[in-house]
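Q: Letter by letter, the chains look like this.
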Amino acid sequence: MSAETHAHDDGHHDAPGHGTRRSYLIGFALSVVLTAIPFWLVMSGAIADKQLTALIIMGFALVQVIVHMIYFLHMNTRSEGGWNMMALIFTIVLVAIGLIGSLWVMHHMNLNMMPGMEMNDTSAM
Amino acid sequence: MAQAQAQALPDREIFYLADEHDHEAGGSTMLGFWIYLMSDCLIFAMLFACYGVFGGSYAGGPTPAEIFELPLVAVNTTMLLLSSITYGFAMLAMEEKRKTGTLAWLAITGLFGLCFIGIELYEFSALIHEGATPQRSAFLSSFFLLVGTHGLHVSLGIVWLVTLMAQVGRFGLTVANKRRLMCLSLFWHFLDVIWIGVFTFVYLLGVLR
Chain A
1 MSAETHAHDD GHHDAPGHGT RRSYLIGFAL SVVLTAIPFW LVMSGAIADK
51 QLTALIIMGF ALVQVIVHMI YFLHMNTRSE GGWNMMALIF TIVLVAIGLI
101 GSLWVMHHMN LNMMPGMEMN DTSAM
Chain B
1 MAQAQAQALP DREIFYLADE HDHEAGGSTM LGFWIYLMSD CLIFAMLFAC
51 YGVFGGSYAG GPTPAEIFEL PLVAVNTTML LLSSITYGFA MLAMEEKRKT
101 GTLAWLAITG LFGLCFIGIE LYEFSALIHE GATPQRSAFL SSFFLLVGTH
151 GLHVSLGIVW LVTLMAQVGR FGLTVANKRR LMCLSLFWHF LDVIWIGVFT
201 FVYLLGVLR
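Protein chains in written order, with the numbering used here: chain A, 1 to 125; chain B, 1 to 209.
Honestly, I wouldn't trust all of these hints.
To be verified - Ranges of calculated distance between the beta carbons of each label pair, as one might list FRET restraints: (1) A48/A to E69/B: 21 to 27 angstroms; (2) L99/A to L152/B: 19 to 25 angstroms; (3) S125/B to M86/A: 42 to 48 angstroms; (4) A104/B to N110/A: 48 to 54 angstroms; (5) E96/B to G82/A: 40 to 46 angstroms; (6) M113/A to Q135/B: 19 to 25 angstroms; (7) N110/A to D22/B: 57 to 63 angstroms; (8) M86/A to M46/B: 34 to 40 angstroms; (9) L99/A to E130/B: 26 to 32 angstroms; (10) L111/B to V33/A: 36 to 42 angstroms; (11) P134/B to L99/A: 56 to 62 angstroms.
Claimed, not checked - Here are a few chain A residues that face chain B, going by a calculated C-beta distance under 8 angstroms: (12) F28; (13) T35; (14) H68; (15) L73; (16) N76; (17) T77; (18) G82; (19) W83; (20) V95; (21) H108.
Just so you know, the hints here were simulated from the structure itself, not pulled from any lab data.
All values derive from a computational prediction rather than experimental measurement.
Cβ coordinates follow ideal geometry from the N, Cα and C atoms, glycine included.
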């Protein structure tokens, strides 16, 4: 019966990894590029289509968040025996529900509560 | 096996581990701090949702394109990015057990943080002088709430940074101080991640709109 002697030793002691000078510099260089391009796109108006520009900018933001997670926050699937990643995934799910849910509900409420809506409805009937 | 149980049971039933092994002090601090950061992330998510819902309600007041100055935001973003890498260098110096180096990099990080806060306060005061106050429209209320909350986090981060510099200066790079520095490291880089969302969704998409 050695249940109490083994189990705990693995998860605890691995200190969260610290990057090396090289990994910090790579992360920094990447984030500079990933910041400069969206700013340049908006300030110069290089792409005429605003919706396309918006999509590209959001793409850059997503990539940069991942870059920061890896190079600055040292996220990986092993830190703290995987619990870091579990907490992160749980949070992402909650954030997605909160953000998408709010925007979706309020967008439709705005559409349906616009002044003049009732008149349109009655005239349609 | 059965014999051992038979011996243990009659006296008293033990529902807990009687001889639990030692946990090192602060062994779960990093995970706990990470979970705190995730809860902070939820606060920001709700503020972003708020801005997403109200961001277009100008109430006849100024629009983002009229009041946001992207060059200023770009400088601000640069300050925060620079403070991130200098904090990284502080952590590397800490790993190499160089106390003076750690303190120097922490001080530089703090200065970049102060520049960020200074620029943000300048921006806020300029907006308020133009009449773009939080009371003007739902867009401006949610803008000041979201960006102001981030700014408050950075300000408190600077207070924390100065505190830790005093700690390290007084007691050196002890195990406890290293752990504290690692927590602040997570906090500082996390605020940078939030700022990516702010400059993308509030400023860039606001000006595009």
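Q: Enumerate the violated hints, using their earlier numbering and listing them in ascending order.
A: 5, 8, 10, 11, 16, 17, 18 and 21
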